[in-house]
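Protein chains: 2
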Amino acid sequence: MNHLKNSYDKCTYRLAGHGKRDVSVLQDALKDISGEQLSDIYGEGHIIEDFQNKMAKLLGKGTAAFFPSGTMAQQIALRIWCDEKKLNKVAYHPLSHLEIHEMDGLKEIHHIKTILLADKDRVIELDDVVNLEEDIACLLLELPQREIGGQLPSFETLKQISAYCREKSIMLHLDGARLLEVLPFYKKTAAEVCDLFNSVYMSFYKGIGGIAGAVLAGDKDFIEKSKVWRKRYGGTLISLYPYILSADYYFDKRANNMEQYYNSAMELAKLFNDCKDIYTIPEVPVSNMFHVHFKRNQEEIAAILAKVQLANHIGITSYLSKQDGNSCTFELSIGDSCLEILKNLIDKLFDSLREEMK
Amino acid sequence: MNHLKNSYDKCTYRLAGHGKRDVSVLQDALKDISGEQLSDIYGEGHIIEDFQNKMAKLLGKGTAAFFPSGTMAQQIALRIWCDEKKLNKVAYHPLSHLEIHEMDGLKEIHHIKTILLADKDRVIELDDVVNLEEDIACLLLELPQREIGGQLPSFETLKQISAYCREKSIMLHLDGARLLEVLPFYKKTAAEVCDLFNSVYMSFYKGIGGIAGAVLAGDKDFIEKSKVWRKRYGGTLISLYPYILSADYYFDKRANNMEQYYNSAMELAKLFNDCKDIYTIPEVPVSNMFHVHFKRNQEEIAAILAKVQLANHIGITSYLSKQDGNSCTFELSIGDSCLEILKNLIDKLFDSLREEMK
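Respectively, the protein sequence lines represent chains Z and B. Position one of the first sequence corresponds to residue 2 (the numbering used here), numbered consecutively onward. Position one of the second sequence corresponds to residue 2 (the numbering used here), numbered consecutively onward.
Read the hints as simulated data drawn from the structure, not as lab findings. Take the hints with a grain of salt, since some may be wrong.
One copy or two, it doesn't matter: identical chains are merged, so the pair holds either way.
[To be verified] Computed cross-link-like contacts, SDA-like style, restricted to lysine to any residue with a CA-CA straight-line distance of at most 25 Å:
1) LYS21 <-> LYS226
2) LYS189 <-> GLU100
3) LYS108 <-> GLN38
4) LYS6 <-> ILE239
5) LYS21 <-> ALA57
6) LYS226 <-> VAL124
7) LYS87 <-> ALA312
8) LYS32 <-> ARG22
9) LYS188 <-> SER163
10) LYS21 <-> ILE239
11) LYS359 <-> HIS102
12) LYS6 <-> GLU37
13) LYS188 <-> LYS323
14) LYS11 <-> ASP222
15) LYS32 <-> ILE239
16) LYS228 <-> HIS112
17) LYS226 <-> HIS111
18) LYS232 <-> GLY44
19) LYS6 <-> TYR43
20) LYS323 <-> ILE239
21) LYS21 <-> GLN38
22) LYS55 <-> ILE239
23) LYS232 <-> GLY18
Please work from the sequences and hints to get the whole structure.
Encoded structure:
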């Protein structure tokens, strides 16, 4: 598989992302900032407060707090709702970030029990929530559901789940790591989506392409409590400004590009689906991301992709994940890099790929 | 008290610190870094691994892990030792950072019981440890003890406590937030001090003057476990390099200045102690820091300091903390800023202060 990675690293262009994650990303964000601007100090000061207010307004919530990571922000959100409901139980998708990527932080730190809703290969629907057999303090919905290619429930379903939760006094939390990325599909503002939820987390290094960091938004009491927990976690650093300044810079640069990323994702998915033994999930993307699946073994596909990448100077992927039944897959998230490639070069790339997959 | 802060902000020079905590601190650290240098990714990559190795070597420990904060690093260290000893109890000073500045994170997250050793106004001595009436998993020593002006036990005492803990199978953890700052007094290397401890934390934004961040060092098994907990806390950010690059830059710039800071601290403390109704704790500093105490009320001292600061263009302090019995105090930590002030200007400053305090 090193051959695939090496060929990817040599490419001039890439289908995914916003370019390499190198130090220039931070240097660019800082180049027009006055050196005299004062640091935030342990969660206070203009740099952090102004940005928190900007995000609170975007998300239509009363207040917001900047966090070094979404992992920290979301565990804390669920803990606060469990404390409020005096019930240590939450529900989320079986492939939630909290379930598979956080070394069981939620359980080890907060001793919160989790109910896994829905089958692994589909999103949570209203019936899953209605048929819950146990009381829960909070339901977490991830939009889009990243681990299954970025799938979404309909907005109507979201509204129904929200109304049901309100009726049953279940707190509804949005894992909106990629919230801005789904707005073009829903044709809604961030505030309109967030209005269905009691609390919201959004990331700054997915579609926005910042360095790291996240925001948690909700009402004033919730956010005050989240700041106490942020301090307990050691997340209220003396200076968070390297992440805040870059989040703000790339937010201003890319928040309005999400429709372009979404359109490119739809076009690329169609091109992949036109190749023999390749299909995408979702078939038609509903955000800037999707998963590409190959109905052939990893070694064969790695060799084909390496050849196609090198011939066209366009990186498709640096890795493949083995799947059951002699197949493999990779994830694609569209950002600025794809927009920089001329259409005829992309057509040529897929001409090569179709030819190799014949 | 705004008058004191305002006069401080107007000063050209300052006795404390390394200069303002503004964005130029980060910009300076990045200016000679190649923009093509790749980010660390979730705790991996050259940037983070090389720096961790450099710090492991400095501290004479097998391995080290970079953390966004000392709060996170130290709670995790104590948790690991408690798990190892199957005993949820640790001991530390009543004014330990964990006891008074972390919103009870250790207790709320890990349910670890704490025994407060020694009186508030002195450091922990061997007798305090020997006379412990309960078993503990771990003893935490903070060198220097910041909240009492940065006091230290003798190195001989440290050796005795270390030997006792080893004999009794008590893990010994070093809160070395200001570890480098005490080496000139002890006349030891960092590794020689750390050799007495099972695990060590050091900060990068005290004497070193970086942006934020900390390192935890210990044996391989301990550090592997600390990385699992770092992930659970949401501390293994996709990119920690803004803190790592600046920690490395300011470490190289200032690690060898600690003796100068220490000497300046001793000189300044002497000048303060020569003024009527002013004394320092410790009387003779043992690091770059000490506390300045005034035997008069806060309002009177604020007015005097504001006048002296404005007349001499040298900032002494921006705040005063009220103390029992009509007295007040502030903390002074010496860094580059003090070294930049000509000796005759400092003499003039203290001539004014002595005159005003007569």
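Here is what the structure says about each hint:
no.	hint	verdict
1	LYS21 <-> LYS226	neither (37 Å within a copy, 30 Å between copies)
2	LYS189 <-> GLU100	neither (29 Å within a copy, 47 Å between copies)
3	LYS108 <-> GLN38	neither (40 Å within a copy, 37 Å between copies)
4	LYS6 <-> ILE239	between (38 Å within a copy, 20 Å between copies)
5	LYS21 <-> ALA57	neither (30 Å within a copy, 29 Å between copies)
6	LYS226 <-> VAL124	neither (30 Å within a copy, 34 Å between copies)
7	LYS87 <-> ALA312	neither (60 Å within a copy, 59 Å between copies)
8	LYS32 <-> ARG22	both (17 Å within a copy, 18 Å between copies)
9	LYS188 <-> SER163	within (18 Å within a copy, 65 Å between copies)
10	LYS21 <-> ILE239	between (28 Å within a copy, 13 Å between copies)
11	LYS359 <-> HIS102	neither (37 Å within a copy, 65 Å between copies)
12	LYS6 <-> GLU37	between (42 Å within a copy, 18 Å between copies)
13	LYS188 <-> LYS323	neither (35 Å within a copy, 57 Å between copies)
14	LYS11 <-> ASP222	neither (51 Å within a copy, 37 Å between copies)
15	LYS32 <-> ILE239	both (22 Å within a copy, 22 Å between copies)
16	LYS228 <-> HIS112	both (20 Å within a copy, 20 Å between copies)
17	LYS226 <-> HIS111	both (15 Å within a copy, 18 Å between copies)
18	LYS232 <-> GLY44	both (9 Å within a copy, 22 Å between copies)
19	LYS6 <-> TYR43	between (41 Å within a copy, 19 Å between copies)
20	LYS323 <-> ILE239	between (43 Å within a copy, 24 Å between copies)
21	LYS21 <-> GLN38	between (28 Å within a copy, 10 Å between copies)
22	LYS55 <-> ILE239	both (21 Å within a copy, 24 Å between copies)
23	LYS232 <-> GLY18	between (32 Å within a copy, 24 Å between copies)
Violated hints for the displayed structure, listed by number in ascending order: 1, 2, 3, 5, 6, 7, 11, 13 and 14.
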